[in-house]
Amino acid sequence: MQNEEIISRINRLLVEEIEIEEEKISPAADLKKDLEIDSLDFVDLFVIIERNFGVKMKAEEMADIKSLQDFYDYIIKRVQSN
Amino acid sequence: MTRVVITGMGIYSVIGRNLADVKDSLMLGRSGIIYDPARKEMGFRSALTGVVERPVLKGILDRRMRVGMPIQGEYAYMATLEALKNAGIDQKYMDDHEVGILYGNDSSAVPVVESVDILRKEKDTMLIGSGYIFQSMNSTVSMNLSVIFKLKGINFTVSGACASGSHALGIGFLLIKQGLQDMIICGGAQEINPESTASFDALNAFSIRESEPVKASRPFDRDRDGLVPSGGAATLILESYESARKRGAPILAEVAGYGFSSNGEHISLPNIDGPARAMMMSLKTAGMSARDISYINAHATSTQAGDGNEARAIFQIFGREMPPVSSTKSMTGHEMWMGGASEVIYSTLMMNNDFIAPNINFENPDEATACLNLATETTPCQIDAFLSNSFGFGGTNSSLIIRKASF
Chain P
-19 MQNEEIISRI NRLLVEEIEI EEEKISPAAD LKKDLEIDSL DFVDLFVIIE
31 RNFGVKMKAE EMADIKSLQD FYDYIIKRVQ SN
Chain D
625 MTRVVITGMG IYSVIGRNLA DVKDSLMLGR SGIIYDPARK EMGFRSALTG
675 VVERPVLKGI LDRRMRVGMP IQGEYAYMAT LEALKNAGID QKYMDDHEVG
725 ILYGNDSSAV PVVESVDILR KEKDTMLIGS GYIFQSMNST VSMNLSVIFK
775 LKGINFTVSG ACASGSHALG IGFLLIKQGL QDMIICGGAQ EINPESTASF
825 DALNAFSIRE SEPVKASRPF DRDRDGLVPS GGAATLILES YESARKRGAP
875 ILAEVAGYGF SSNGEHISLP NIDGPARAMM MSLKTAGMSA RDISYINAHA
925 TSTQAGDGNE ARAIFQIFGR EMPPVSSTKS MTGHEMWMGG ASEVIYSTLM
975 MNNDFIAPNI NFENPDEATA CLNLATETTP CQIDAFLSNS FGFGGTNSSL
1025 IIRKASF
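Sequence lines, in order, name chains P and D. For the first sequence, my numbering gives the first residue as -19, with consecutive numbering after it. For the second sequence, my numbering gives the first residue as 625, with consecutive numbering after it.
I should point out that these hints are in silico values taken from the structure, not numbers from a laboratory. The beta-carbon is built from N, C-alpha and C at its ideal position, and this holds for glycine as well. The reader is advised that the hints may include incorrect statements.
Stated by the list, open to error - Anything over 10 angstroms on all C-beta distances counts as not near chain D; from chain P, calculated:
1. 5
2. 56
3. 61
Claimed, not checked - Label-pair distances were calculated between CB atoms; the ranges are:
4. D:891 to P:34: 47 to 55 angstroms
5. P:-4 to D:746: 20 to 28 angstroms
6. P:2 to D:715: 25 to 33 angstroms
7. D:746 to P:5: 28 to 36 angstroms
8. D:1004 to P:-4: 49 to 57 angstroms
9. D:645 to P:16: 49 to 57 angstroms
10. P:-17 to D:827: 55 to 63 angstroms
Using the sequences and the hints, build the whole thing.
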């Protein structure tokens, strides 16, 4: 899967599944402060990412992921290493 | 002590999704029971059930508020919206005042089944998601509604089997009477699905009059052959009279008395003594006598033993002068954890519209029920006060007396 496709799919899932307003989606957006993704939303993201990318996110790796760009980079890295 | 009034009501029932539709159904004697072929395919002995469509909450509540709510939470949300609106309570009022919630509920089967099915299939709890834990708990309704409405007062769920909704009202009444809370959202909710009723069907407790679904629930009738499971949600806003008067709230009725008891005998078969003591206690706490009661909304679920024993208990307390009696379960089926709350709403609608809803499907009495003064048709009646019974597994009994508002 190409990086652009991964990013596009992540964005679509954030809007459709987590119901984040499309206008708020930007690579620089802070996941917690701007997108208001809280700890419970992360639990649901684990499921969504696994079902859509076959990637099992690890809770201990989430500490360094602050922005949406960080999140894109993490998923891209995990997809490529699979 | 403080007097306790009802200032708002809301309902999401198999006989109507709002008060106006429910009132029409009660007047017409309209049933909400159907035959559900899916249950037959699953292996149910009885495929009869009440039915209500699932509310559509996307667009009304955000995802976080929806994801932790099971179906009965959705019913309860709809009922509570109507009740709060009727009571003239907006979000600002709930932000500025301590409003509590005491809701009756005693199961949440589907979320438990679904989450464990995911675990068994995936062998990984990380695939269960965030919503199921909140959906799975008995306290799911009070838990969710207190967050949605940002409530700051008392907050828990009352579980007392088929008396849950009634006990929730009773405890709310006591707390307000004692001056511990000015306003409490009280109610009862019941999921409708095969998962929550399969093990109940296993007791051979349901009617198998599947050829005539709307005639299957026939409380007190000689040929009754079991209850019909049903559900939905019902909410009442209980408030101190002082608080209601101060904000110019509509006063629909007054909660006059609450009686309770336990049978101390069989886990599923009721006796006569327990219900009789609960009714006696409700009269005593209301400072009323039997002749002050204009109507009895019976618990009667259409079972041989239960209806018979309740009839005997009613006769024991009220004797030959008993007021008219009917069981609205003849139309709604057995709403279980919702029933105690919904039946107070049905009876209050009757009281405020001067009629008694019929105990439909009654054709012949039996030896135990012959003593009853049954309203088998819609009956014009001025009700000054009614008594509502709810009895549950484990022998838990609740009797509430509600009287016409007169302030």
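How the hints compare with the structure:
1. 5: Nearest chain D Cβ is 15 angstroms from residue 5 of chain P, so the label holds.
2. 56: Non-interface label stands for residue 56 of chain P: nearest chain D Cβ at 21 angstroms, farther than 10 angstroms.
3. 61: For residue 61 of chain P, whose nearest Cβ neighbour in chain D is about 19 angstroms away, the distance exceeds 10 angstroms, so it holds.
4. D:891 to P:34: 47 to 55 angstroms: Cβ of residue 891 of chain D to Cβ of residue 34 of chain P: about 49 angstroms, so the range 47 to 55 angstroms holds.
5. P:-4 to D:746: 20 to 28 angstroms: Taking Cβ atoms as reference, residue -4 of chain P and residue 746 of chain D lie about 22 angstroms apart, which means the hint holds.
6. P:2 to D:715: 25 to 33 angstroms: Check passed, 27 angstroms falls within 25 to 33 angstroms.
7. D:746 to P:5: 28 to 36 angstroms: holds, 29 angstroms
8. D:1004 to P:-4: 49 to 57 angstroms: For residue 1004 of chain D and residue -4 of chain P the Cβ distance comes to about 55 angstroms; the hint holds.
9. D:645 to P:16: 49 to 57 angstroms: Roughly 38 angstroms apart at Cβ, these two residues miss the hinted range, so it is violated.
10. P:-17 to D:827: 55 to 63 angstroms: Roughly 59 angstroms apart at Cβ, these two residues keep to the hinted range, so it holds.
The structure is inconsistent with hint 9 alone, although it conforms to all the rest.
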